[in-house]
Amino acid sequence: MTGTEIETTGTETGAVFVRPGSGGWGNGLLLDPANGKDVVLSVTGGGIHPVAARIAELTGTTAVDGFTTSIPDEKVLAAVINCGGTARIGVYPRKRIPTVDIYPGGPGGPLAEFITEDIFVSDVGVKQIEPRASDGSTPAAAPVADEGPTAAERLAAAKAAAAPVGGGAFARVSGVFVRFGEIVGSIVNTFLASGRQTVQLVLTTILPFMAYVSLLLGIVNYTGVAKWIATVLSPIATNPVGLIVIGIIGALPFLSPILGPGAAIAQVIGTLMGSQIAIGALPVQYALPTLFAINGQVGCDFIPVGLALGEAKPETVAVGTPAVLLSRLITAPTAVIIAYLVSFGL
Amino acid sequence: MTPYYESTILRSGEETADLLAGGVLILYADPIPDALESVSVVHSPSGPPAAKMEPGHVLTVGDQQVRLVRVGEIANDNLASLGHVVVYLDPGEDAALLPGAVHASGPLGVPAAGATLTLAAGS
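Going line by line, the protein sequences match chains A and B.
When the letters of the first sequence are read in order and numbered with the working numbering, they come out as residues 1277 to 1622.
When the letters of the second sequence are read in order and numbered with the working numbering, they come out as residues 64 to 186.
FYI, nobody ran anything at the bench for these hints, they're computed from the structure.
Treat the numbers as computed from the prediction; the structure is a model and nothing was measured.
Worth double-checking, as some hints may not be accurate.
Here are the simulated distance ranges between beta carbons [said to hold, decoys possible]:
#1 A:1392 / B:101: 16 to 26 Å
#2 A:1494 / B:84: 49 to 59 Å
#3 B:170 / A:1451: 52 to 62 Å
A partial selection of chain B residues facing chain A, derived with a Cβ cut-off under 7 Å [stated by the list, open to error]:
#4 80
#5 82
#6 84
#7 87
#8 98
#9 102
#10 135
#11 139
#12 161
Just so you know, even glycine gets a beta-carbon here, dropped at the ideal spot from N, CA and C.
Model the full structure from these sequences, guided by the hints.
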């Protein structure tokens, strides 16, 4: 903090980000003085704490002593506490008032359940408070007009405490190391997170899906229903309209999920058509439309899992699965027709 | 022993009974923020503490007494600045001592308004 900044213009308000200190708890809080939240409550005893004064200074709000002044909750931007771990640490998070603890406390005491990362941060000193101006600039350090002399003294104390210690060459060298450490940390974190997500996905989605497909495959194979349908359909495969019908039947929403696994239709009719084309009984133009006709059901057993892999919500899966199944009923015969039309040149 | 801290109970918040049933007594000197009213027993000390709380000292509330077992590192600061002490009653041998807390042995009921609160060195 240099002296020049104090004289910069304006009383515009800006958000601040409050980081946890080295021994602190939480991810940090973004304090935005919007919606009439114009008071920083200092619930520390002994007047206004420098941390409360600093938050008020950077956000253009007023710091008041919570022990002597009563403020409606909806006007409170944040409560600054110096709690030893039981009472204040819990009552303000319980009221969903962002709570900044001077001491390095974490969830504990009878109100521990209310102390969550989105509402609480601890081990906060003046250095942990950073401006987050909407225009990206450092907001002016302008004390608001209605602060009393006591608050002004506190502001001076806050500024003194905010002054950087050391500096010069050491700061530059350590800055390089810090930046290098941050980069390494972020790479390691990314790899770790992706690995964790992969294992999670395999365990919660892919393995259950494999078990489910195995079951379905067993049922389909054991009952022979797909093979039976394929055998019934194979005589009509030898003319274009028959191929469209096969495409439609394969894509019927109640058949496609059980025709998908095992690919009996593709095997039976594909082999039949292939051999017919090979011996010259059918023109080669039939190859492409047949390919689309016998594959209308492909993946229909996989839709819920595919949606789950895309991290879809259960509601999305419930709506998305029939949507895809029904759309197959339209796309499958259309694909056969298009394949037939483009096969004329072959 | 002569008490080194004397105070009068003013009021008890509506949640203090539940907290005491869970073994926690939260004391604050008047005045306190509204947010703390419901969980706190509010008292009016006659003066600042003349000594520091230490294990073995006796906390008397009305006609009930508990003996302090452990004293957190900022508990004495809290008492001096805010009249604030959090008393954990019989928390168990291995319970963590929060910095602002004191651990004590013995039960306490919800204190009545007007009751006397004292801290004294053990006899």
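Against the structure, the hints come out as follows:
Between residue 1392 of chain A and residue 101 of chain B the Cβ separation comes to about 20 Å, which falls inside the hinted range of 16 to 26 Å. Roughly 57 Å separates the CB atoms of residue 1494 of chain A and residue 84 of chain B, a value that falls within the hinted 49 to 59 Å. In this structure, residue 170 of chain B and residue 1451 of chain A meet the distance hint of 52 to 62 Å, their C-beta atoms being roughly 57 Å apart. Given the 7 Å rule on beta carbons, the hint for residue 80 of chain B is violated: about 12 Å separates it from the nearest Cβ of chain A.
Of the supplied interface hints, the one on residue 82 of chain B holds, with its beta-carbon coming within about 6 Å of a beta-carbon of chain A, less than 7 Å. Taken as an interface hint, residue 84 of chain B does not check out: its beta carbon lies about 10 Å from the nearest beta carbon of chain A, beyond 7 Å. For residue 87 of chain B, the interface hint holds, the least distance from its beta-carbon to any beta-carbon of chain A being 5 Å, beneath 7 Å. A distance limit of 7 Å between C-beta atoms decides the matter here; for residue 98 of chain B the minimum to chain A is near 5 Å, and the interface restraint holds.
Checking residue 102 of chain B against chain A by beta carbon gives a least distance of about 6 Å; that is within 7 Å, so the hint holds. Interface hint at residue 135 of chain B: satisfied, since its Cβ lies 6 Å from the closest Cβ of chain A, which is below the 7 Å cut-off. Here the hint on residue 139 of chain B is broken, as its CB sits about 11 Å from the closest CB of chain A, past 7 Å. A distance limit of 7 Å between C-beta atoms decides the matter here; for residue 161 of chain B the minimum to chain A is near 3 Å, and the interface restraint holds.
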